[in-house]
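Residue numbers (this note's numbering), protein chains in the order written: chain Z, 1 to 521; chain R, 1 to 112; chain B, 1 to 115.
Hints should not be assumed to be uniformly reliable.
[What the hints assert, rightly or not] Under the rule of at most 20 Å between Cα atoms (straight-line distance), these lysine to any residue pairs were calculated in the SDA-like manner:
1. R:Lys75 <-> Z:Ala282
2. Z:Lys116 <-> Z:Thr31
3. Z:Lys79 <-> B:Leu85
4. R:Lys82 <-> Z:Pro168
5. R:Lys82 <-> R:Tyr70
6. B:Lys29 <-> B:Leu85
7. Z:Lys379 <-> B:Arg114
8. B:Lys25 <-> Z:Lys212
9. B:Lys29 <-> R:Lys75
10. Z:Lys198 <-> B:Leu8
11. Z:Lys116 <-> Z:Arg30
12. Z:Lys212 <-> Z:Pro168
13. B:Lys29 <-> R:Gly90
[Claimed, not checked] Computed spacing ranges between beta-carbons, pair by pair:
14. Z:Thr465 <-> R:Phe9: 18 to 24 Å
15. Z:Trp493 <-> R:Leu112: 56 to 62 Å
16. B:Leu9 <-> Z:Pro430: 27 to 33 Å
17. B:Lys25 <-> Z:Leu76: 45 to 51 Å
18. Z:Tyr497 <-> R:Phe80: 41 to 47 Å
19. B:Gly103 <-> R:Val28: 26 to 32 Å
Please keep in mind that the hints were generated in silico from the structure rather than gathered at the bench.
Here a beta-carbon is modelled for each residue, glycine too, at the ideal position from N, C-alpha and C.
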Amino acid sequence: MNWNDHLPALLLAIPLFGAFVAPVASPFGRTTRNALLASFSFLTLLVSLFLLRHTLTNGIAVYVMGGESFDLTLPLGMKLPVRIIMEVDAFSAFMAVCGSIASFAGALFSMNYMEKFTGLGRFVSLYFLLTVGMLGMMITGDMFNFFVFLEISSIASIGLIAFWRDRPEAVEASIKYMLISQVSSMVFLIAAGALYGKYNVLNMAAMGALIKPGTLEKLALVFLVGTLAMKCGAFPLHMWLPDAYAEAPSGVSCLLVAVSQASLYGLMRVCFSLYGVNLGGAFIPWAMIVMGLSSMFFGVAMAVVQHDIKRLIGYHSVSQVGYMLLGLGVGMLVLTDARGMAEYGFTAIKGGIFHIFNYTMYKALLFLAAGAVYYTTGKRDLNELGGLARRMPFTTGMFVIAAAAISGLPPFNGFVSKLLIYESAFAVHPALTVVALVTSVLTLASFVKVFQTAFLGPERSAFATVREVPTAMLFGMGVLTLAVLVATLFPSWTLSYLVEPAARALVDQAGYVGAVMGGGL
Amino acid sequence: MLGTVYTGFGYWDVSSWIAFFTIAAALVLWLRAQGREDYKEGTEQDEIYWSGNVVPEEGAEITVPASSAYWGFRKAMAPFYKILTGMHTGIGTDIVGYYVVVVALLAVFILL
Amino acid sequence: MIANAPFLLVGLLFLGGMIAIFMEKNLVKIAIAISVIGSSVNLFLVALGYRNGGTVPIHYMAGENTVMVLPTPQAMTLTAIVIALATTALLLSLIMLVYRHYGTLDIDEIRRLRG
Numbered sequence: 001m002n003w004n005d006h007l008p009a010l011l012l013a014i015p016l017f018g019a020f021v022a023p024v025a026s027p028f029g030r031t032t033r034n035a036l037l038a039s040f041s042f043l044t045l046l047v048s049l050f051l052l053r054h055t056l057t058n059g060i061a062v063y064v065m066g067g068e069s070f071d072l073t074l075p076l077g078m079k080l081p082v083r084i085i086m087e088v089d090a091f092s093a094f095m096a097v098c099g100s101i102a103s104f105a106g107a108l109f110s111m112n113y114m115e116k117f118t119g120l121g122r123f124v125s126l127y128f129l130l131t132v133g134m135l136g137m138m139i140t141g142d143m144f145n146f147f148v149f150l151e152i153s154s155i156a157s158i159g160l161i162a163f164w165r166d167r168p169e170a171v172e173a174s175i176k177y178m179l180i181s182q183v184s185s186m187v188f189l190i191a192a193g194a195l196y197g198k199y200n201v202l203n204m205a206a207m208g209a210l211i212k213p214g215t216l217e218k219l220a221l222v223f224l225v226g227t228l229a230m231k232c233g234a235f236p237l238h239m240w241l242p243d244a245y246a247e248a249p250s251g252v253s254c255l256l257v258a259v260s261q262a263s264l265y266g267l268m269r270v271c272f273s274l275y276g277v278n279l280g281g282a283f284i285p286w287a288m289i290v291m292g293l294s295s296m297f298f299g300v301a302m303a304v305v306q307h308d309i310k311r312l313i314g315y316h317s318v319s320q321v322g323y324m325l326l327g328l329g330v331g332m333l334v335l336t337d338a339r340g341m342a343e344y345g346f347t348a349i350k351g352g353i354f355h356i357f358n359y360t361m362y363k364a365l366l367f368l369a370a371g372a373v374y375y376t377t378g379k380r381d382l383n384e385l386g387g388l389a390r391r392m393p394f395t396t397g398m399f400v401i402a403a404a405a406i407s408g409l410p411p412f413n414g415f416v417s418k419l420l421i422y423e424s425a426f427a428v429h430p431a432l433t434v435v436a437l438v439t440s441v442l443t444l445a446s447f448v449k450v451f452q453t454a455f456l457g458p459e460r461s462a463f464a465t466v467r468e469v470p471t472a473m474l475f476g477m478g479v480l481t482l483a484v485l486v487a488t489l490f491p492s493w494t495l496s497y498l499v500e501p502a503a504r505a506l507v508d509q510a511g512y513v514g515a516v517m518g519g520g521l
Numbered sequence: 001m002l003g004t005v006y007t008g009f010g011y012w013d014v015s016s017w018i019a020f021f022t023i024a025a026a027l028v029l030w031l032r033a034q035g036r037e038d039y040k041e042g043t044e045q046d047e048i049y050w051s052g053n054v055v056p057e058e059g060a061e062i063t064v065p066a067s068s069a070y071w072g073f074r075k076a077m078a079p080f081y082k083i084l085t086g087m088h089t090g091i092g093t094d095i096v097g098y099y100v101v102v103v104a105l106l107a108v109f110i111l112l
Numbered sequence: 001m002i003a004n005a006p007f008l009l010v011g012l013l014f015l016g017g018m019i020a021i022f023m024e025k026n027l028v029k030i031a032i033a034i035s036v037i038g039s040s041v042n043l044f045l046v047a048l049g050y051r052n053g054g055t056v057p058i059h060y061m062a063g064e065n066t067v068m069v070l071p072t073p074q075a076m077t078l079t080a081i082v083i084a085l086a087t088t089a090l091l092l093s094l095i096m097l098v099y100r101h102y103g104t105l106d107i108d109e110i111r112r113l114r115g
């Protein structure tokens, strides 16, 4: 029994075990709880890295939950797969690594940040549940299982956003997120149920083999795309996102960024691997491109005028998701056109996927830096901050790196992925690139404002006792800075070893279907 | 490893960029080091000059608050911002309303 | 036509729930509307599993009848009911907290985060 084969199950089992052990271990003291949080997050990160290595060398990893053998998808010569099947291709493993890095950084940060809160055993439990929900969304190969993990992550994030229950705004943000989340999950379930009713399979690969264009499929596609785009934060479905990201504790905001990327992963799975060639023309790609452009521009327009630091960063989340939707929409547009794909489509998909990695790293780092500022000064409003660079040099340095990366300044990783997206969008229509460039300029403008008001400037007497944040929080931010710097200094290595296999796996619907169905389409 | 990224339309080379940046930074720092060093620290030669006014002790009184940043941009785009912030009402059912309207529009247009 | 009656009911319940979400101002009524929408989706899942003349999908209890109702939608519905239970519990406790903080349950008043 090779342990490599059981990695998908381990990836879910380890944080789930941590979630259930946390309330039991918490009464033993702060050290036990922190050790649990840090060690299980680190183990999850290790498992996800091993899974990535396994997938890059051995192809798509399939895991049948509860089967006699881990890859017995079609027992007794059945024509359709039975049992819940996890299907991990290079794109899933790539996303799992992104999510685990964000989860580990947030866990390290939360060890010190949450000191003043009570009920921390439940916090650790909810944190691990949110990690499980996110990772489950990324590696599952079954539509209903995706819905279950989507709901697990919704419930956990609702609990975590409202964690500071003494603050009215946090409870308000949580309840607004809950309303939209419930309605959209019901719509998602209708779509999944309708597709099941027509094709009698819940497995994504089997459905991808059986699906044919038709009215029901088009409506189901619209429902699925609508729900998943809402969870990512596309305009105009994004209204909950700045509130929720601002009011959650900062370690949780860091993880919520990765959770929204899991929904983006689901969106790509539905469009590329479930529907693929049966996408039915250019409507959905153009809808995604338009949603991407509007998210980009309106997100950053709202961000420039904010004066609460975390709300500003939350609006930038909306804008950056627009970049990914634009890149992946351009790639989807030429999915069936081989020449377009070779010219600019594949570059667009590579740009979108690389941007997912970059965005998760620098956005999580921005939230952690904002959390560090709040932890030391107790203020979130930019009008009351100033002159922190002398007191908190490490935080300032990491904030500068993250702000330069998000604005797309060379040489950072944000520039490379944005370059790929600009050039491929230009091949579709120059206006797309113009909007993207204007957005980049406005992003730089708002981060110059944040940096100047929060970190530069004269020192305030109220902040005379401010010191640098504790080591564990610096370590958490350092993990993300290291990821940003690796992608900055070794872009061609990252692109060819991490992003390109993921892009190729995403585009290859036949391979995705064949791994479960056993070769026949 | 520190190689170039070839997009279909051009290329991006990290090591060349860093090399040029260090050369330019060295030049700038050399120029900056050409300044005079014969000033006395701690005396009035070291003070902030604020157009002849008295510099307040409290740093908070001489900062430019963040809400007044980009006021020209905000004033020029005031109609646009009125509509945009008008859309972001913050009412929970409005959020659900936007979702339902978008899904309904997509459903109508995909079937056309 | 009579065979489509459950699906018509699903549509009516869903529509009713949606209209209630937009028309009602009280948060508790909105929570009830979300619960109604959840029930309509569960009814949809159970109804699409029915086969004409079908019986219990358990081999030794089916008798001589060979047409069985589909069991998978029943499993899906049970899971969906449990998930709806958890979210309703969370929603109601959050509504309690909102009332404690804001003093009102009017959704038009609960908008300190805006703009």
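We went through each hint and held it up to the structure:
Of the pairs offered as hints, the one joining Lys75 of chain R and Ala282 of chain Z is violated, with about 39 Å between alpha carbons and a cut-off of 20 Å exceeded. For the hint pairing Lys116 of chain Z with Thr31 of chain Z, the CA-to-CA distance comes to about 15 Å; that is within 20 Å, so the pair holds. Between Lys79 of chain Z and Leu85 of chain B the alpha-carbon distance is near 35 Å, which puts this suggested pair outside the 20 Å criterion. Only pairs whose Cα atoms come within 20 Å are accepted, and Lys82 of chain R paired with Pro168 of chain Z is rejected, the gap being roughly 26 Å.
Among the hinted pairs, Lys82 of chain R with Tyr70 of chain R is consistent with the structure: their alpha-carbon atoms are about 16 Å apart, no more than 20 Å. For the suggested pair Lys29 of chain B and Leu85 of chain B, the alpha carbons sit about 17 Å apart, so the restraint of at most 20 Å is met. Restraint check: the Cα-Cα separation between Lys379 of chain Z and Arg114 of chain B comes to about 19 Å, which is no more than 20 Å; the hinted pair holds. In summary, the hint linking Lys25 of chain B to Lys212 of chain Z is not supported, as the alpha carbons are separated by about 43 Å, beyond the 20 Å threshold.
Distance check on the hinted pair: Lys29 of chain B and Lys75 of chain R sit about 41 Å apart at the alpha-carbon level, beyond 20 Å; violated. About 18 Å separates the Cα atoms of Lys198 of chain Z and Leu8 of chain B, which keeps this hinted pair within 20 Å; it holds. Among the hinted pairs, Lys116 of chain Z with Arg30 of chain Z is consistent with the structure: their alpha-carbon atoms are about 12 Å apart, no more than 20 Å. Distance check on the hinted pair: Lys212 of chain Z and Pro168 of chain Z sit about 49 Å apart at the alpha-carbon level, beyond 20 Å; violated.
Our distance criterion of 20 Å between C-alpha atoms is met by Lys29 of chain B and Gly90 of chain R, whose separation comes to about 19 Å. Against the hinted window of 18 to 24 Å, the Cβ-Cβ separation of Thr465 of chain Z and Phe9 of chain R comes to about 53 Å, which falls outside the hint. Range check, Trp493 of chain Z to Leu112 of chain R: Cβ separation about 46 Å, and the 56 to 62 Å hint is violated. For Leu9 of chain B and Pro430 of chain Z, the Cβ-Cβ distance of about 52 Å falls outside the hinted range of 27 to 33 Å, so the restraint is violated.
Here the CB-CB span from Lys25 of chain B to Leu76 of chain Z is close to 57 Å, at odds with the stated 45 to 51 Å. Roughly 44 Å separates the CB atoms of Tyr497 of chain Z and Phe80 of chain R, a value that falls within the hinted 41 to 47 Å. Between Gly103 of chain B and Val28 of chain R the C-beta distance comes to about 59 Å, which lies outside the given range of 26 to 32 Å.
The structure fails to meet hints 1, 3, 4, 8, 9, 12, 14, 15, 16, 17, 19 from the earlier list, while all remaining hints are met.
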